[in-house]
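Here's the letter readout for the chains.
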Amino acid sequence: MINKVINFVEDTVSDVQDGAVILASGFGNAGATNCLLEALMETNAKYLTVVANNAGESDYGLAALIGSGKVSKVICSYPISSGSTIFQKLYNTKEIDLELVPQGTLSERLRAAGAGIGGFYTRTSVGSLLATEKEKRKFNNIEYVLEYGLKGDFALIRGKTADRWGNIIYDKSARNFGPIMAAAATTTIAQVEQIVKLGEIDPELIVTPGIYVDKVYLKK
Amino acid sequence: MINKVINFVEDTVSDVQDGAVILASGFGNAGATNCLLEALMETNAKYLTVVANNAGESDYGLAALIGSGKVSKVICSYPISSGSTIFQKLYNTKEIDLELVPQGTLSERLRAAGAGIGGFYTRTSVGSLLATEKEKRKFNNIEYVLEYGLKGDFALIRGKTADRWGNIIYDKSARNFGPIMAAAATTTIAQVEQIVKLGEIDPELIVTPGIYVDKVYLKK
Amino acid sequence: MNSQKKQMGLNRRQVAWRIAQEISEGSYVNLGIGSPELVANYIPEDREIIFHSENGILGMGPAPRPGEENGNLINAGKKPVTLLEGGSYFHHTDSFAMIRGGHIDICVLGAYQVAQNGDLANWATLDTSKPPGVGGAMDLSVGAKKIFVMMDHLTKDNEPKLMKTCSYPETGFGVVKTVFTDLAVIDILDSKFIVREMVETLSFTQLQSKTGAPLTLSDNFKTLTPPNLD
Amino acid sequence: MNSQKKQMGLNRRQVAWRIAQEISEGSYVNLGIGSPELVANYIPEDREIIFHSENGILGMGPAPRPGEENGNLINAGKKPVTLLEGGSYFHHTDSFAMIRGGHIDICVLGAYQVAQNGDLANWATLDTSKPPGVGGAMDLSVGAKKIFVMMDHLTKDNEPKLMKTCSYPETGFGVVKTVFTDLAVIDILDSKFIVREMVETLSFTQLQSKTGAPLTLSDNFKTLTPPNLD
Numbered sequence: 014m015i016n017k018v019i020n021f022v023e024d025t026v027s028d029v030q031d032g033a034v035i036l037a038s039g040f041g042n043a044g045a046t047n048c049l050l051e052a053l054m055e056t057n058a059k060y061l062t063v064v065a066n067n068a069g070e071s072d073y074g075l076a077a078l079i080g081s082g083k084v085s086k087v088i089c090s091y092p093i094s095s096g097s098t099i100f101q102k103l104y105n106t107k108e109i110d111l112e113l114v115p116q117g118t119l120s121e122r123l124r125a126a127g128a129g130i131g132g133f134y135t136r137t138s139v140g141s142l143l144a145t146e147k148e149k150r151k152f153n154n155i156e157y158v159l160e161y162g163l164k165g166d167f168a169l170i171r172g173k174t175a176d177r178w179g180n181i182i183y184d185k186s187a188r189n190f191g192p193i194m195a196a197a198a199t200t201t202i203a204q205v206e207q208i209v210k211l212g213e214i215d216p217e218l219i220v221t222p223g224i225y226v227d228k229v230y231l232k233k
Numbered sequence: 014m015i016n017k018v019i020n021f022v023e024d025t026v027s028d029v030q031d032g033a034v035i036l037a038s039g040f041g042n043a044g045a046t047n048c049l050l051e052a053l054m055e056t057n058a059k060y061l062t063v064v065a066n067n068a069g070e071s072d073y074g075l076a077a078l079i080g081s082g083k084v085s086k087v088i089c090s091y092p093i094s095s096g097s098t099i100f101q102k103l104y105n106t107k108e109i110d111l112e113l114v115p116q117g118t119l120s121e122r123l124r125a126a127g128a129g130i131g132g133f134y135t136r137t138s139v140g141s142l143l144a145t146e147k148e149k150r151k152f153n154n155i156e157y158v159l160e161y162g163l164k165g166d167f168a169l170i171r172g173k174t175a176d177r178w179g180n181i182i183y184d185k186s187a188r189n190f191g192p193i194m195a196a197a198a199t200t201t202i203a204q205v206e207q208i209v210k211l212g213e214i215d216p217e218l219i220v221t222p223g224i225y226v227d228k229v230y231l232k233k
Numbered sequence: 002m003n004s005q006k007k008q009m010g011l012n013r014r015q016v017a018w019r020i021a022q023e024i025s026e027g028s029y030v031n032l033g034i035g036s037p038e039l040v041a042n043y044i045p046e047d048r049e050i051i052f053h054s055e056n057g058i059l060g061m062g063p064a065p066r067p068g069e070e071n072g073n074l075i076n077a078g079k080k081p082v083t084l085l086e087g088g089s090y091f092h093h094t095d096s097f098a099m100i101r102g103g104h105i106d107i108c109v110l111g112a113y114q115v116a117q118n119g120d121l122a123n124w125a126t127l128d129t130s131k132p133p134g135v136g137g138a139m140d141l142s143v144g145a146k147k148i149f150v151m152m153d154h155l156t157k158d159n160e161p162k163l164m165k166t167c168s169y170p171e172t173g174f175g176v177v178k179t180v181f182t183d184l185a186v187i188d189i190l191d192s193k194f195i196v197r198e199m200v201e202t203l204s205f206t207q208l209q210s211k212t213g214a215p216l217t218l219s220d221n222f223k224t225l226t227p228p229n230l231d
Numbered sequence: 002m003n004s005q006k007k008q009m010g011l012n013r014r015q016v017a018w019r020i021a022q023e024i025s026e027g028s029y030v031n032l033g034i035g036s037p038e039l040v041a042n043y044i045p046e047d048r049e050i051i052f053h054s055e056n057g058i059l060g061m062g063p064a065p066r067p068g069e070e071n072g073n074l075i076n077a078g079k080k081p082v083t084l085l086e087g088g089s090y091f092h093h094t095d096s097f098a099m100i101r102g103g104h105i106d107i108c109v110l111g112a113y114q115v116a117q118n119g120d121l122a123n124w125a126t127l128d129t130s131k132p133p134g135v136g137g138a139m140d141l142s143v144g145a146k147k148i149f150v151m152m153d154h155l156t157k158d159n160e161p162k163l164m165k166t167c168s169y170p171e172t173g174f175g176v177v178k179t180v181f182t183d184l185a186v187i188d189i190l191d192s193k194f195i196v197r198e199m200v201e202t203l204s205f206t207q208l209q210s211k212t213g214a215p216l217t218l219s220d221n222f223k224t225l226t227p228p229n230l231d
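Protein chains in written order, with this note's numbering: chain A, 14 to 233; chain B, 14 to 233; chain C, 2 to 231; chain D, 2 to 231.
It is possible that part of the hints are untrue.
[Claimed, not checked] Computed far set for chain C versus chain A, every beta-carbon distance over 10 angstroms: (1) A21; (2) Q22; (3) E26; (4) P45; (5) I50; (6) G62; (7) K79; (8) L84; (9) H92; (10) R101; (11) K131; (12) D153; (13) E201; (14) S210; (15) L216; (16) L218.
[To be verified] Just so you have them, the derived chain C footprint on chain A, three or more residues with Cβ under 8 angstroms: (17) 14-27; (18) 85-92; (19) 115-127; (20) 139-148; (21) 181-190; (22) 203-215.
Think of the hints as simulated: they come from the structure by calculation, not from any bench. Backbone N, C-alpha and C define an ideal beta-carbon position, used for all residues, glycine too.
Same shape as in the complex, but just chain A:
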């Protein structure tokens, strides 16, 4: 019987290795997986690359992981949220690398990785400082830049409800990066608030089908 539910949080991230690319869901705190990120902090994995929209706030969750020194690089769109002090300090002392990606390009690059798209052309960032090293190309006489898929080794996402197949639904705007990161990673681990019996989630309502989810952890 398929059962993706993992009982102990330390078993969710125990196979993360040095140098892994971690996709961390959330837009600010909405949809962020603090307990999985903190479990990752307890492992021996280091030199991690974290892909997320932000670079953590205050001193918990993503900020704590970054502060632990395990993260070599952050790929994100907006690391300057108020409260993102741990990242900013490490950035200023050059202890952490930053790849800054426009928010829509970040989410589209993740989608491309999950969808088998090697590269795509977007108008976003054309002509800007963020495109100086990007390949350009015109379609219908409008300029686009080439962007590449961005694949993760692990996605740490947060849902509302799951079942043993790993089907997931989200709550309101906490959906944000969850569905797209789940598809873009080799291994996807979901923290949820509730686990229900198979068939209890309306099939029309399922946002992330279990095919994209490897482990489910119930955070009470």
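With chain A's structure known, arrange chains B, C and D on it following the hints.
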């Protein structure tokens, strides 16, 4: 007050002009908008290009529109379903053009058009007869072909339930091309079975937000 | 003196009010973080406008009542909001497909600078002591059908923000349609700043002296007369 | 004589049974239109397998009972199906993203021809009297992690379908992992046909004579002994 509901079927497609590109939802009969396609047949518009997965079955809906002589070209993945005799006869007598596109590439090209992606690279069709004129490129030493967005002037889609904002939900596998064609067309017209008050559709359940829908027609 | 100086131009609520008048029934509108969020408060009551938030909301409503905040229902500025009847949720990639695909009618953005050809600078200053951050600004600037800019006419140091060319790094090129400042409503047309409205406390020459590029008076020029909104 | 000829090889249900044994617990599997659909009937009862249909279904169940068909719940062959508990629906682009993105573990496809390097020909014959049709075959052939082919060992005209190179237009290149025919189970490894199993009614030399490219006997060779399935 926003109200996208149109009472008379002839008012849904009255502004389709000669040469228009029509995106027609449906996979076989599931999700096909027979009444809108037949309304289109009653207009004076001609030299239409139809984008759909199939090329119609029997003598109603898409098959009837094709049989009316108003369609110059079909862009589809599978025009050889059993019962697709009207298209096949016109194809054999060279009265209609065919652009054959792999099913996943077709849906991805539609998505690209709706998502502001000028072009994308897929492995699908690499090396095959369908790729002889396509530009190739390697990413991570794997070969891909370049595909372009495929935009429609009108999308004729079929949903289950709508509201006056044009929010739409679908029924089971009839969802198929509806959501993606709605986003890929300048004007989207939806045939639905039921219209409910604003707020009656669970916001977590809405598949096509009204931003992609211009007209809603209730087919009883 | 101080109160007189304040009265020379519009306050932020008045600029927001002016922008709100420009948004027609049924528009899909994204409001940038900060002052542009005020625009939602001044939409005429008989007009139905649907607000988009790039973190995955259509039909976003006003701030909740105190005590009714939900951390999972926030706007792009990460502040608690509500959802109107008819609203919907979607993931980030779908949300930015909506933006980049040209489905948003109007986006109202703040700006550091706007050039006379419509170039927009609103994502980075020349200060390198902090890491850069771009968020959705570049996607919005190229994706929305119309870009409105809401900004002060001058910087805090009385430097012009309407320029021949931006000195700050650009977000988008040739994208701005109309700039709404505390002093004027200025359309951009054929790489010219066209003054459509300005406050009556200022002469055109005075407005020009506060602007870093030539201004042209519109054939349809009107005085900008907002209601009192304190 | 006729019945003896039939017994030489497996019938379709037996080939489907053999393929079903090869699919492990928890796999996500797409079954091609036609004979491959039979595979679902022979999954061992204690094994939970999740079937994908490219028109937007995960967790597809068997055909409904007569009278319970729903035109909105069909498989890729446009035949009525059901949904299991835990199943879900999604749109075509999401479904093909799932395929192309490498999320489907196994796809079982029919074929006209398979070449020893794993090339697959299953979308077009050389007959030009009908329009061509490709459907999802090319997406599936490059997207699924493993491609299993289910086909007769010979054409109706007794021509080999396992070839050095395909004479029909290819669907995908180097994609086939294992071919299941009425006579044998043949893996493709380093551009060689490796016979892992074959029916006992046939000698290896006889199997070779029915195959258009050299066969190699596997070190783990076994006799293919399916149950009776009439």
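Now the hints, each set against the structure:
Its beta-carbon lying about 24 angstroms from the closest one in chain A, C:A21 satisfies the requirement of being farther than 10 angstroms from that chain. For C:Q22, the non-interface assignment is confirmed: its Cβ lies about 29 angstroms from the closest Cβ of chain A, beyond the 10 angstroms cut-off. Listed as a non-interface residue, C:E26 keeps its Cβ farther than 10 angstroms from every Cβ of chain A; the least gap is roughly 26 angstroms. The claim that C:P45 lies off the interface holds: its Cβ sits roughly 27 angstroms from the closest Cβ of chain A, which is beyond the 10 angstroms cut-off.
Residue placement check: C:I50 keeps its beta carbon more than 10 angstroms from all beta carbons of chain A (closest about 19 angstroms). Every beta carbon of chain A lies more than 10 angstroms from that of C:G62, the smallest distance being close to 12 angstroms; the non-interface claim holds. Annotated as non-interface, C:K79 brings its C-beta within 10 angstroms of a C-beta of chain A; the closest such distance is 4 angstroms. In this structure C:L84 is not separated from chain A by more than 10 angstroms, as the shortest Cβ-Cβ distance comes to only about 7 angstroms.
With a minimum CB-CB distance of about 5 angstroms to chain A, C:H92 fails to clear the 10 angstroms threshold, and the non-interface call is violated. At roughly 6 angstroms, the least C-beta separation between C:R101 and chain A is not larger than 10 angstroms, which violates its mark as non-interface. For C:K131, the requirement that its beta carbon stay farther than 10 angstroms from each beta carbon of chain A is not met, with the minimum near 6 angstroms. With a cut of 10 angstroms on Cβ distances, C:D153 stays outside the contact zone with chain A, its closest approach being about 21 angstroms.
No beta-carbon of chain A is positioned within 10 angstroms of the beta-carbon of C:E201; the least distance is around 38 angstroms. With a cut of 10 angstroms on Cβ distances, C:S210 stays outside the contact zone with chain A, its closest approach being about 31 angstroms. A cut-off of 10 angstroms between C-beta atoms confirms that C:L216 is not in contact with chain A; the least separation is 26 angstroms. The non-interface label for C:L218 is consistent with chain A: the shortest C-beta to C-beta separation is roughly 31 angstroms, beyond 10 angstroms.
With 0 residues bearing a CB less than 8 angstroms from a CB of chain C, the segment 14-27 of chain A misses the requirement of three and the coverage assertion fails. Given a C-beta distance limit of less than 8 angstroms, the hint that chain C covers the segment 85-92 of chain A holds, as 3 residues qualify and 3 suffice. As drawn, the segment 115-127 of chain A meets chain C at 8 residues by the rule of a beta-carbon pair under 8 angstroms; at three or more, the given contact holds. Check result for the segment 139-148 of chain A against chain C: holds, 5 residues qualifying (beta carbon to beta carbon below 8 angstroms, three or more required).
Restraint check on the segment 181-190 of chain A versus chain C: 8 residues with Cβ-Cβ distances below 8 angstroms, three needed, restraint holds. Judged by the Cβ-Cβ criterion of 8 angstroms, the segment 203-215 of chain A is not covered by chain C as claimed, because only 0 of its residues qualify and three are needed.
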